[in-house]
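The listed protein sequences derive, respectively, from chains F and A. Counting along the first sequence from 1, when you hit position 76 you're at 76 in my numbering, and nothing is skipped either side. Counting along the second sequence from 1, when you hit position 176 you're at 1176 in my numbering, and nothing is skipped either side.
In case anyone wonders, no lab produced these hints; they're calculated from the structure. Please note that a few of the clues may not be correct.
As the list claims (entries may be wrong) - Pair by pair, the computed Cβ-Cβ distance ranges are: (1) L135(F) with E1068(A): 44 to 50 Å; (2) P45(F) with G1118(A): 27 to 33 Å; (3) K4(F) with R1012(A): 37 to 43 Å; (4) G1118(A) with D17(F): 31 to 37 Å; (5) E43(F) with S1150(A): 22 to 28 Å.
Claimed, not checked - Simulated pairs of lysine-lysine, DSS-like, Cα-Cα distance not exceeding 27 Å: (6) K16(F) with K1177(A); (7) K1039(A) with K1174(A); (8) K1039(A) with K1159(A); (9) K27(F) with K16(F); (10) K27(F) with K4(F); (11) K1159(A) with K1174(A); (12) K1039(A) with K1175(A); (13) K1039(A) with K1177(A); (14) K133(F) with K1039(A); (15) K16(F) with K4(F); (16) K1175(A) with K133(F); (17) K1174(A) with K4(F); (18) K133(F) with K1177(A); (19) K1159(A) with K133(F); (20) K27(F) with K1159(A); (21) K1177(A) with K1159(A); (22) K1175(A) with K1159(A); (23) K4(F) with K1039(A); (24) K133(F) with K1174(A); (25) K1159(A) with K16(F); (26) K1175(A) with K27(F).
All figures in this text were calculated on a predicted structure; none of them were measured in a lab. Cβ atoms here follow ideal geometry from the backbone N, Cα and C, with glycine treated the same way.
Below, each chain spelled out in residue letters.
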Amino acid sequence: MADKDDQDWTETLAGKDPAGADPRTVKEAEAVRRAMLEERGRETPPVFDAESGLQRLLFRLQREQLGTDARARFRHFPALALAATVVLTVGLVLLLPRPEEDVRPVTRGFQGTQVLLADDPRAARDRFVQGLKALGIEPRVTPRGGATLIEAPWPAQAGQRHRALLDAHFLRPPEGRTLVVEIRGRP
Amino acid sequence: MNDDQDALEKIRQGGTARTEGVSRLYRSHARRFLAYFLKHRVPRDHAEDLVQDVFVSIVRHAAEFRGETRIDAWMWAIARNALIDHFRRARPEAPFDEDDLVRLADAQADPPRDAGGGLEECVRRAYAAFARSHADRAEVLARVAFEGWSIEDVAALLKRTPGATREYLSQCRKKLKAFLEPCRDYLAG
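Hey, can you work out the whole structure from these sequences and the hints?
Right under this line is the structure:
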């Protein structure tokens, strides 16, 4: 149960001087505060490309109709503004809202990796993995940059439920015994 | 009005002001959110996605912030929710809530046993081990220690009552005490 001594400890940790505090409590809290300061000084912030992340965020907000104007970032750079306008125009045409998630496949790769483009790749991944598990298939799920690679053993005699899962995700049956699907966000 | 409040106000306005507000908040806070998720052992690519999710939520809910707490407490509560949602998605078969975020760390904690180096070195080592094991608790203590967060601000972050928050901080101290055990003689002297 939190008591006055705990309160005094917390206040001392915050750099205050609580009246009537036990000297042992103050000594401990002050030592911890110094240790925390030292640790903060030693911490290495993660490598992080803020501008690239911000760019991605602004386009996502635009895509989700949350009302940013990505062009405004480039108001001092006319050539970039023009390029951004073209990208936005093309992007908005491609990304018009649909009543349902649209996952259309694109097939590529010599091993027949099928690519699903989704507005919400994480939700699409979760649904697809759940669908596989419901069929008793344990997929291997590997993050790959911003995408997810899913490899699932596929039965030679796939039944109606297997075909229904593939149909629901616009997929073809694999040519071999492994279904390989990459799910990524729509550009 | 501080910088963050001003940025949030711009977000509420929409349009080009929103872009400016989002940009300012992102440049100020995104790296810290990323570090927070990485400390909780979220894989890097997921952590970057979570950072994006946090800012999308900030924009979505900007109009709801009424100033009952400090604005950074509000934003950190959004980040914490994103982290909890991440763990929920990773374990769809089992429920996962606020308390599980704390229990996850508590179950893995392994206090050090080395007492050497004098008071400062002993306590530093102990705290570093505590922070690795209890990233969530260490984050809260840092807010209280260095950013002037009140009990009410922490309560908003944790979604607890002030009384339950005092109890949480008391538990933080108890957990830390286990790590400080090797330093007991230095602290008693």
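A quick look at each hint next to the structure:
1. L135(F) with E1068(A): 44 to 50 Å: Holds - the Cβ-Cβ distance for L135(F) and E1068(A), about 48 Å, lies within 44 to 50 Å.
2. P45(F) with G1118(A): 27 to 33 Å: holds, 29 Å
3. K4(F) with R1012(A): 37 to 43 Å: holds, 42 Å
4. G1118(A) with D17(F): 31 to 37 Å: violated, 25 Å
5. E43(F) with S1150(A): 22 to 28 Å: The hinted range 22 to 28 Å holds for E43(F) and S1150(A), with Cβ atoms some 24 Å apart.
6. K16(F) with K1177(A): Satisfied, since the Cα-Cα distance of roughly 20 Å is no more than 27 Å.
7. K1039(A) with K1174(A): Answer holds: K1039(A) to K1174(A) is near 21 Å, not above 27 Å.
8. K1039(A) with K1159(A): Holds, because 21 Å separates the two Cα atoms, which is no more than 27 Å.
9. K27(F) with K16(F): At roughly 13 Å apart (the allowed maximum being 27 Å), K16(F) and K27(F) satisfy the hint.
10. K27(F) with K4(F): holds, 16 Å
11. K1159(A) with K1174(A): holds, 21 Å
12. K1039(A) with K1175(A): holds, 18 Å
13. K1039(A) with K1177(A): Roughly 21 Å between the alpha carbons, so the hint for K1039(A) and K1177(A) holds.
14. K133(F) with K1039(A): violated, 30 Å
15. K16(F) with K4(F): Measuring from Cα to Cα gives roughly 14 Å; hence the hint holds.
16. K1175(A) with K133(F): It is violated: about 39 Å lies between the C-alpha atoms, which goes past 27 Å.
17. K1174(A) with K4(F): OK: K1174(A) and K4(F) at ~14 Å, within 27 Å.
18. K133(F) with K1177(A): Given pair K133(F), K1177(A) is violated - Cα atoms ~44 Å apart, limit 27 Å.
19. K1159(A) with K133(F): violated, 34 Å
20. K27(F) with K1159(A): Outside the cut-off at roughly 31 Å; violated.
21. K1177(A) with K1159(A): holds, 25 Å
22. K1175(A) with K1159(A): holds, 21 Å
23. K4(F) with K1039(A): violated, 31 Å
24. K133(F) with K1174(A): Given pair K133(F), K1174(A) is violated - Cα atoms ~42 Å apart, limit 27 Å.
25. K1159(A) with K16(F): The hint holds at about 25 Å.
26. K1175(A) with K27(F): Satisfied, since the Cα-Cα distance of roughly 18 Å is no more than 27 Å.
Of the numbered hints stated above, those contradicted by the structure are hints 4, 14, 16, 18, 19, 20, 23, 24, listed in ascending order.
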